[in-house]
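Please assemble the complex out of the two chains, which come individually in their own frames, going by the hints.
First to last, the protein sequences are chains R and C.
Taking the numbering used here, the leading residue of the first sequence gets 459, the next gets one more, and so forth.
Taking the numbering used here, the leading residue of the second sequence gets 36, the next gets one more, and so forth.
Watch out, some of these pointers could steer you wrong.
[Claimed, not checked] As a list, the in silico DMTMM-like pairs of lysine to aspartate or glutamate whose alpha-carbon atoms are at most 25 angstroms apart:
1. C:Lys287 with C:Asp107
2. C:Lys59 with R:Asp461
3. R:Lys467 with C:Glu139
Bear in mind the hints are in silico, worked out from the structure with no lab data behind them.
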Amino acid sequence: MFDYTFQWKQAMARLPQMLDGAVVTMEVAVLSMVLGIAMAVVLTLLRLSGSRPLAAISTTWVEIARNTPALFQIYMAHFGVASFGIHFSPFVSLLIGITFNNAGYLTENFRGALKAIPDTQARAGRSLGMSQISAFRYIILPQMLRISFLPMTNQMVWAILMTSLGVTVGMSMDLYGVTQALNALTFRTFELFAIAAVIFYLITKAITLSARLIAARLFRY
Amino acid sequence: MKKFTATAAILLATGLAGTAQADKLDDIIGSGTLRCAVVLDFPPMGMRDENNEPVGFDVDYCNDLAAALGVDAEIVETPFPERIPALMSGRVDVGVASTSDTLERAKTVGFSIPYFAFEMAVTANDSTGISSFEGMKGFTVGAVAGTYEAIALEAQVDAWGEGSFRPYQTQADVFLALSQGQLDATVSTSTVAQANVKTGNFGEISVVGTAPFDIDYVGLFAKRDEYGLLNYLDLFVNQQNRTGRYAELYEKWIGGDLPDLTVSGSYR
Numbered sequence: 459m460f461d462y463t464f465q466w467k468q469a470m471a472r473l474p475q476m477l478d479g480a481v482v483t484m485e486v487a488v489l490s491m492v493l494g495i496a497m498a499v500v501l502t503l504l505r506l507s508g509s510r511p512l513a514a515i516s517t518t519w520v521e522i523a524r525n526t527p528a529l530f531q532i533y534m535a536h537f538g539v540a541s542f543g544i545h546f547s548p549f550v551s552l553l554i555g556i557t558f559n560n561a562g563y564l565t566e567n568f569r570g571a572l573k574a575i576p577d578t579q580a581r582a583g584r585s586l587g588m589s590q591i592s593a594f595r596y597i598i599l600p601q602m603l604r605i606s607f608l609p610m611t612n613q614m615v616w617a618i619l620m621t622s623l624g625v626t627v628g629m630s631m632d633l634y635g636v637t638q639a640l641n642a643l644t645f646r647t648f649e650l651f652a653i654a655a656v657i658f659y660l661i662t663k664a665i666t667l668s669a670r671l672i673a674a675r676l677f678r679y
Numbered sequence: 036m037k038k039f040t041a042t043a044a045i046l047l048a049t050g051l052a053g054t055a056q057a058d059k060l061d062d063i064i065g066s067g068t069l070r071c072a073v074v075l076d077f078p079p080m081g082m083r084d085e086n087n088e089p090v091g092f093d094v095d096y097c098n099d100l101a102a103a104l105g106v107d108a109e110i111v112e113t114p115f116p117e118r119i120p121a122l123m124s125g126r127v128d129v130g131v132a133s134t135s136d137t138l139e140r141a142k143t144v145g146f147s148i149p150y151f152a153f154e155m156a157v158t159a160n161d162s163t164g165i166s167s168f169e170g171m172k173g174f175t176v177g178a179v180a181g182t183y184e185a186i187a188l189e190a191q192v193d194a195w196g197e198g199s200f201r202p203y204q205t206q207a208d209v210f211l212a213l214s215q216g217q218l219d220a221t222v223s224t225s226t227v228a229q230a231n232v233k234t235g236n237f238g239e240i241s242v243v244g245t246a247p248f249d250i251d252y253v254g255l256f257a258k259r260d261e262y263g264l265l266n267y268l269d270l271f272v273n274q275q276n277r278t279g280r281y282a283e284l285y286e287k288w289i290g291g292d293l294p295d296l297t298v299s300g301s302y303r
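Bound-form chain C, shown alone (with noise of 0.2 angstroms):
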């Protein structure tokens, strides 16, 4: 007895030594496979096929990491309020999700350079006659919870001080709130505006303009503390769109002019 437990206390010490020498980045090429937390209803960034299979800039942005690291990909979906919880639990290893770099959520994951940039578009229910983004004012408008646009768009309806706002848990809800006529109109990521009206699955909606929000720079995010990562995944991002595979992705999955990723007179 006396003999099982000194071993176990030598394995256990040897394992927790293991653990604590290598970093993440050194575990994830270890491991042989990375893992990436992804939304997959958020096109076209991230969707399924008609084989059920995940597709969209943010998998085959997982899939070029997973390929610079030499490692196989495994896309882990993720809805959005759940990226945390996937990190944290070590359901993933990063998250190549559309996640605005917001401050607040710093605080909490450590943030990529930005690897994408959003504009906003309005889209709205055709019968409303709403033609810009002045005219949501008075109106029932709504967005993905949480969402950056989300946030902004309810601070505005504050402002307008009429109007109601609604957050939905889904991008697919809030296009059918708004196709149903629950929803005048929305503000969303243009790119997926112009996805969804595109499918014509949700009837008579149309995208009407943009929205005056500030751009949305999106990056890639793994746990705040692993620098080895990080240092990693900046340089990845900016590797992209050096060997021009940014722009590859940005014509395969959206098309037009690339957005810009830096932001004129600031360092990062």
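In isolation and in its complexed conformation, chain R is listed as follows (with noise of 0.2 angstroms):
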């Protein structure tokens, strides 16, 4: 049923504004990687603290990071608050969608590392005379990291995934709008979101081997 005649080199002479596209994709995930992975710290942070209601506000935030869609995340971040009068241009949006959900993850996975820290360490920590929060900053952290770094190359690929959701609120100049701009455009769809596909796994891919290098030198014994 399917046939369509393919134009490669029509969707090839828009590559460079899809790639200009890809830099601002790039862009968006390492922002709401660096503020995420800040976040997920203190939200880790706050579900140690012994206190209910800190902790409380830690659990919540996992709960409906990892229990509702990316998707209902970035478009409650834009339309959402703007019902309350706050308003933000799509990137914002599109960044505060994405780092709200990647802070919930890499929360979890933070807190699955530190259950594979023993107890012990900190108490060394703290038997050598260090304080609770040097103990955790110098002994527990470093660890932590350690053995959730994988974890996290793996939300930061689906943070360059979750970026395509940015059309449903107005981004356009990142790779998947760009896409869906020049389809409107042109009607050549299928090449243009082929050539899309193509950069979103060549970049993903380069992230998971660079990743994985980045481990092999930081992590030897």
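Encoded structure:
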């Protein structure tokens, strides 16, 4: 049934525009990871703080982030909060949505990593005269990040793929947004989306491979 | 086993020969069903009524086309970006989807002669004080990604050199953003603008004028190489006008003066 004449030349002429879009996609993904990791560390600390209200904030965040669609989170960051008069640009809305999702998943990763570190590590630090904070910072945190490094790579890949949901909030500069716009303009859907898929694949592959190299260097005994 | 292979080969060969002879027009008549891609997020051209049934100008137009062909109509809801995948994957036979007949798109699909023409209207959020097309300069404006008006509006924002443009995925999102104040104004087809303002669902917004863009002619579309079908579509559009059915449908869904579907000084 599928008969379609592929016009690669016509679609490839748009490659520069799509690569510009890929740069924006990377920007959003990297920013959302950096912010997401920072927030996940805070959320993990809140959970460990022993204070019930603080732990509840962290739990609620994780529950919503992990149990609702990423599309919903991004949509709410744009249209949801706007009904309270708070307006974010498409770029910022997308960034907030993905960061929210990243922070939620990473908090769970960190929690899993913490569970893998014996309690005695922190106690050993305390018995050497370190404060609780320094024990966390110098003994627990490095081990935690190490254990959760590869899951973090996974999250980074997911963040890149999530940028494609930005079209729902009017984002047009990222790879998927650019592809959609070109599709509407030229109707060469299948070529354009095939090119976009290859670009997405190459980006995520590059990230997984470089993460593996970094891990091999960083985590040598 | 050998016998089975031979039988399979014969069946396959006759099957292929069968499809090679009949064209799409024959296939539609033979199948007894005409499947139309219709956008149901584009009132009053396509939308859903209280019973969630598809209604609108495009829906009626598809029904008329099916009646002319002597087959049943099947309305396949298709968002704007999915019109091409729907056609190319064989999910629909023809697009009755308010599709602007741009030359760029005509490289991929075949268009009929125009069956409808849109004028563009400016709708603004009342709090902005925008009262004309020029008044949008410097504001945040938006439209449905990839539509005729979105492409023209984005170019205009670039030309003004101030303000910004945002494409949303659906007409509903554009009007939601407009009512929330995320967008200060939008350019849409005047029919959509009137229909959305009239619903009252979008708060303090008003149609404040027209946009000086060229008239947006829209055509029916089918596969580029289906000459038989495309020829039929052309004649069908022409017949709808001669018989007065176009005027009747226009009065039913839009009202007011009929737009002219012909371009003075040109053949098609």
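Hint by hint, here is what the structure shows:
| no. | hint | in the structure |
| --- | --- | --- |
| 1 | C:Lys287 with C:Asp107 | holds, 22 angstroms |
| 2 | C:Lys59 with R:Asp461 | holds, 13 angstroms |
| 3 | R:Lys467 with C:Glu139 | holds, 14 angstroms |
Every hint from the earlier list agrees with this structure, and none is contradicted.
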